[in-house]
Structure formats: C-alpha cells, structure tokens
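Produce the complete structure using the sequences and hints provided.
Protein sequence lines correspond, in order, to chains L and P. Those letters in the first sequence? Residues 1 to 338, by this note's numbering. Those letters in the second sequence? Residues 1001 to 1430, by this note's numbering.
Hints may contain errors.
[To be verified] Computed Cβ-Cβ distance ranges for the label pairs, DEER-style:
{"#": "1", "chain 1": "L", "residue 1": "Ala69", "chain 2": "P", "residue 2": "Leu1228", "range": "53 to 59 Å"}
{"#": "2", "chain 1": "L", "residue 1": "Arg222", "chain 2": "P", "residue 2": "Lys1040", "range": "48 to 54 Å"}
{"#": "3", "chain 1": "L", "residue 1": "Ala69", "chain 2": "P", "residue 2": "Arg1138", "range": "24 to 30 Å"}
[Claimed, not checked] SDA-like, lysine to any residue: derived pairs with alpha carbons at most 20 Å apart:
{"#": "4", "chain 1": "P", "residue 1": "Lys1147", "chain 2": "L", "residue 2": "His124"}
{"#": "5", "chain 1": "P", "residue 1": "Lys1147", "chain 2": "L", "residue 2": "Ala246"}
{"#": "6", "chain 1": "P", "residue 1": "Lys1147", "chain 2": "L", "residue 2": "Phe255"}
{"#": "7", "chain 1": "P", "residue 1": "Lys1147", "chain 2": "L", "residue 2": "Glu224"}
{"#": "8", "chain 1": "P", "residue 1": "Lys1147", "chain 2": "P", "residue 2": "Arg1188"}
Source of the hints: derived by calculation from the structure; they are not laboratory data. Idealized CB from N, CA, C, for every residue including glycine.
Residue strings, one per chain:
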Amino acid sequence: MSAKKSERMPEIPGYAFPHRHLLGIADLSPHDIEFLLERADDAVSVSRAVEKKKVALRGRTQINLFFEASTRTQSSFELAGKRLGADVMNMSVGSSSVKKGETLIDTAMTLNAMQPDLLVVRHHSAGAVELLAQKVGCSVINAGDGAHEHPTQALLDALTMRRHLGGIARRTVAICGDILHSRVARSNIILLNALGARVRVIAPSTLLPAGIGDLGVEVFNRMEDGLPGCDVVMMLRLQRERMEGALIPSVREYFRYFGLDREKLKLANKGALVMHPGPMNRGVEIASDVADGPQSVIQEQVEMGVALRMAVIETLIETADRLDQRRKDAKPGKGAKA
Amino acid sequence: MKPLLITRARLVDPSQDYDGPASLLIEDGRIAAVEKSASKMAAPEGAETLNARENLVIPGLVDMRVHLGEPGSEYRETIASASAAAASGGVTSFVMMPDTSPVIDEVSLVDYVRRAARDNAKVHVYPCAAVTRGFEGRELTEFGLLKEAGAVMLSEGKHSIRSALTLRRALTYARDFGLLIAKETQDRDLASNGVMNEGLTASHLGLAGIPREAEIIALERDLRIAQLARGRYLAAKISTSDAADAIARYKQAGADVSAGVSINHLSLNENDIGRYRTFFRLSPPLRAEEDRQAMIAALRDGIIDVIVSSHDPQDVDTKRHPFAEAADGAIGLETLLAAALRLHHNGEVPMMRLIDALSTKPARLLGLEAGSLKAGQPADLALVDCDAPWIYGEEAIRSLSKNTPFEGARFSGRVLQTLVGGRTIFTHSA
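If you want it as structure tokens, here you go:
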C-alpha cells in the first residue's frame, strides 16, 4: 500500500527541515511537506508493531495546551509523543488558570518557565498560536487556531491520500461543506495546491469565505456539478451549533443538497476516496452507509494521524536541537540551556 | 379538447416584440402556430373558430403580488374567489404572498397551496414562501426544498427584514437556488405610526405622515446588500422618484435587481384620500402627484420592471374604522389591466411596455412558462376590447372583499374573454 518510489520527490543533497515550529501549511515548501510525509510513512510501521515505543525523545517534555475542547486531536498528539518516548502532559482550559482571567501570554510564559521541549496548542482564535510561539523558547505545533489552519490534519489527509492514490499531483480533490468555519479546509487547500492537486470546494454560498476562488480552487454550489471527476471527496463537519437557521435553513435541507449519500458519491470517480476529519455528524454531512462504506478511509485517517504527528514531533525537536546547537557554536562562551 | 383558431386578432406580445394582426391556432392547451398577418390561417379539421374582431390578444397577465385570506381568513378571500376575480381581469397567473395564517414557511404549506389551487382555481396560483420562519427575521426557511415543492419566489410579504445580516444571508443562499427575493421597502422606525404620505395633505387632515425617506433609506440599504450578496432582489412596490433613481443606478452598475410598482401608485395620489377614505390607505402610502408621474416615467423607461395589483382584500372589520386605525390595502386583480390601459390611452406608456410589465417581464423574473404567445407556449391569454367604456360598480366586484379604490371608476378597455391552457375560463356577458 505504500507509495511508489517513482512518485516521490528527488532528495535534495544537504536538505534539512528548516522550521522550529509548525504553525501552518503556508510556511512549508513542497519539499518540507514531502519530507514530513516520507517520515510519517515510516512511522506507520511503529504504530503497527507490537512494541510501539521508541526512545528517540526520552527525557523530553511535551505539553498539550488545548484552549478548545478536543478528544481526537489531543489524544492523537498524546499518543504520538508517548510512542516517541516523551513525557506528555495535557492541559485543558477547564483545569487551567485561563478561566481565572490569565491572559494567553501569561499562560505561555508560565509554561515556558517549566522548560518544555514542545507545546501543542489549540486555540479558538485565529493567530493565537503564532502569538504564543513568539513568546516561548520551545517548538510549537498548531493543533488548530480558529478558522485559520490545522496543519497536522492537512498533512495526515495528504498521507492517507498518497498511500491510496500513489501520489497527489494532478489528482482532483473536492472539499465539501462548511468551508467558512473550517481550518481544515484552509490547510488542505494550501497543501494540495502545493503538491499539484486540483482542488474544488463545494458548498452553499453562505458557507464560503469571501474571495475563496482566488485561493486556487474551483468553486461549486452544487454537489452534482462539483463531484464528477473527483478522486477524493473530503467532507467537513457542519458546525450545527453555529448555524442552524442562520447560514443554512435546516439539517434536513443541508443533507438533501450537500450531504454525501450513495447517489451523490456515484457522481465522483469510481472508487473515489471518502474522507472526513471527524467528528462526523451522521445524516447531516455524510450518510452512515457512506461513512462506513468500502470507499471510506475515515478510520485510516485516524491511524495516519498518530504516525504523522510522530513524524512532526520528532522532526521539530531535531530541528530545534540543530538550530540551538548552531547558535551555541556561533556564540561560544554563552551557556547552553540550563 | 378541439383545436381553437383565433382569427382577426391584434396580437400584442412583447416576447415576440410584435404588435399587429395575427391568427393563433391553439391545440392541446398550447399555441400551435401563430400567423403574423391579416391573412387567414387555414383551420384544421374540426377546429372551433373565434373571431377576435380586431380586438387585442395579449398573453395573460402575471401578477407577482397577491394577498389572500386562505388559509386563515377565508371570509376575506379564498383561492377560488381570487381566481375568479383574476380571470375576469385577464390575469392568468398570480403569485400568492405568504402572509396567511399560518405563514407559508414550510414545505407542507406550499404543498397545501398547490393542491388547493389545483382543485379550486381557474388560473395558475403560484406560492411565494416566507424568507424566515414565521416572519421572525431570524431563521431562514428551507429555500431549496420549498422551491422543489413549488414555491416560485421568496418574500416576507408585508414584513420587512430588519437585520441586514439576515438579508445578506438570505440573498446569498437564495442565489444558489436561483430564487428571487421580493421585499417591501419601508423603514419601520422612520415610518413610525404614520398612515399616509408626509406633507401638507397629511397635516391638513391631522394624520401622521410617512416620509418618502422611509422608503428610500430602506431601499438603498437593500440594494447595497443585494449587490454585496450578488443575489436576485426585487423591490416589490416602490412609490417615490428617488427610489426609481436608486434602482436605475444599481441596474446600471450591473446588480441583479428589479423593481415593481402597484397599479395604485400609477393611478392615484394622496389627494384621492379625500375625507379619510380608508380604501385609499395603502402601504406604501399614496404619494404626491410628482411621485406618481415619476413612477409612470420609470415604468415607461423600464427602470420599473413590473406592475403588480398588490391585491389585498380587507373586510369591514379592518377597513370600517377611523383612517388612522384602519388596515392598509386594496383589492386590484379585476381592475389591474383596465387601470393600466389608462396609461396607454393617455399616451404615457406604450402598449408594448405595458403588456411587458404586466405579463412578459414578471414571467421572466419568476422563470414561469407564461407571458408569451410564441408557438409552443401555454395558451394563457386574454382577449381585450381596448376601448370599450365601462364603470366598475360595487355590485360587479367578484372578490369576497370590496375594498377597491376604483369603485365607480370609468375605464376604457375591458377583458372579453380569458383563456388558461386553451380553455375559456371567463367570458364577458354584454
């Protein structure tokens, strides 16, 4: 099932991953993306082995800082860190001082004083993770900031696609549903464009951000128009709590026109992959039989999530070590990390 | 049904841009052939013949704004009574506004209207669905499903949409389904407790006025939002020159906006209110004569797209009150064409533009198979004696409600016969 070697980018002599943080796909070059996907591909075998623990990050500390509730992403990051041998601590809003009025920056400074090696941060405001990254000394992974980016989700989606399709270039991917509120959509659009895919978005006009057509996508308002010719159909979660009646009239109407059922799926290419970042609303954006059907790779996306996050965590920490070493070498006499 | 050959007609059909002698052959409810000359068309075997005697044959009128009492206030007007009134006025299709009890905001209610119309109406009755549930201005109705059920348009009826955000979302979402949103344009806060046009007449009568700005401000807002949302917007009935100017400006800029005017605002002005005559209490209020003239000019120039009857049956329980306490509204299905023909007789609006505004243009805005007598189209048409003088008396009113501002009016031009799907549904008995 692994991707064919021929589809891979030629290795660049002397290439080294250049980023200390992973804040968004927009910061990555196609080579950076390929590098992470390659590494994640190898990490899959770790997750599938009986003995899942590596020792690469023994003694390192990873803090998962989630200002927005999450089960899937947080546990995926936790598992990834633990399988690499790191010590992982989870901090969520409910149990933190944020509720007592502490600002984001103060929280960051406090955590930074505990000398972690990696912060995994999710926040409900776009740009918050980047702000935090400027204030701490360790590597930061954006686990979702508002409707801005969710880079590890886009990478794990790409990994899943690549393993099934052999490659991503020239494939046609439809991202369907609530594009307006979706950080997953934004990260995917950037990533898929970087790797040469043809990207479509299909949504009612009320769920499309302004100027979306200029992001390198084809825009459709009807599944019947947008699905034909697609190799991948990626459904997004309808954030019902935010929109019933206001942006779309009802779940019933939404499912009728934008929900992926067997009939609509037939319009896409034969064997097209069905993806969903989860959590799913069955009967809202996707029919149960499609979600559990033979074309669905939704469960596999979850598996790839752990492998991909292992690759990202390991890469960032190695990079940070390398960059710190270089700085230390450049300024002899200044002490290293205490 | 036997084929029907209409001979010696003067056909006025804006869809063919034709005004001249013609014969029309009707088969299976549709126009089978049109002979655009004075020469006779050969009648097929067994066909009936109708000699039009040089009278007008026009595509049946399409009225985009008709209020009914069914469901909820059937004593004011039923689908059946309105359809009889429409037939006598040459109206072969009308859009029924959702201001009923209950409000038409559900698929099942649209379905109900369609069934009731199928069983009881002689003319085509098309439901218009509410934009928001219960006219509350918050949650959108199911535009897609409502359209599939048979709704041809969306409107809040006599209500406005206060929230600019809701209007933006509605216009944006409706665009995906190609639906037109028709909206009244009166700022409720500015109109306040006004009951007629603000000005000297209102001051003389001691009645609270509604400034023209109440319409202009609301319309300007709507037009901006329509342009932002790139939606299909119809200003349902405008009444002021500035409103017409605004429409012209946005059309010029390429926005998908259109405008309607009620026959009342083309025919009457605030002075007709006289001594507190409540049948002349309308919304928007009758304006000054200059505004009426401006409406006619805008109609002639195509800035105003359509004429509506704004048929609104009100009974004694809502109209027999002091002016300030009476309800707005007037009936109009029966007099729509006759009153409009005055503009032709006065040389104010050419016949072709009039029929376009009454039939072809509204059909096109709604995407209906109507408003045209080209071969292949449904044989929905009216035979009209353009010059026949008559007086509209109360005893002749077919509507269940009698609140007409044209009682005792002298008209030139009346409908002789109305056909829907090739079948005669109304014949004037001389």
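Okay, the hints, checked on the actual structure:
At about 34 Å, the CB distance of alanine 69/L to leucine 1228/P disagrees with the hint of 53 to 59 Å. The hinted range of 48 to 54 Å is satisfied by arginine 222/L and lysine 1040/P, whose Cβ atoms lie roughly 50 Å apart. Separated by about 27 Å at the C-beta atoms, alanine 69/L and arginine 1138/P satisfy the suggested range of 24 to 30 Å. Taken as a hint, the lysine 1147/P and histidine 124/L pair is broken in the structure, with Cα atoms around 37 Å apart against an allowance of 20 Å.
For the suggested pair lysine 1147/P and alanine 246/L, the alpha carbons sit about 18 Å apart, so the restraint of at most 20 Å is met. Restraint check for lysine 1147/P and phenylalanine 255/L: the C-alpha separation of about 16 Å stays at or below 20 Å, so the hint holds. With a C-alpha separation of about 17 Å, the suggested pairing of lysine 1147/P with glutamate 224/L holds against the 20 Å cut-off. Distance restraint check for lysine 1147/P and arginine 1188/P: the Cα-Cα separation of roughly 29 Å exceeds the 20 Å cut-off, and the hinted pair is therefore not satisfied.
Violation of the numbered hints given earlier is confined to hints 1, 4 and 8; the remaining hints are satisfied by the structure.
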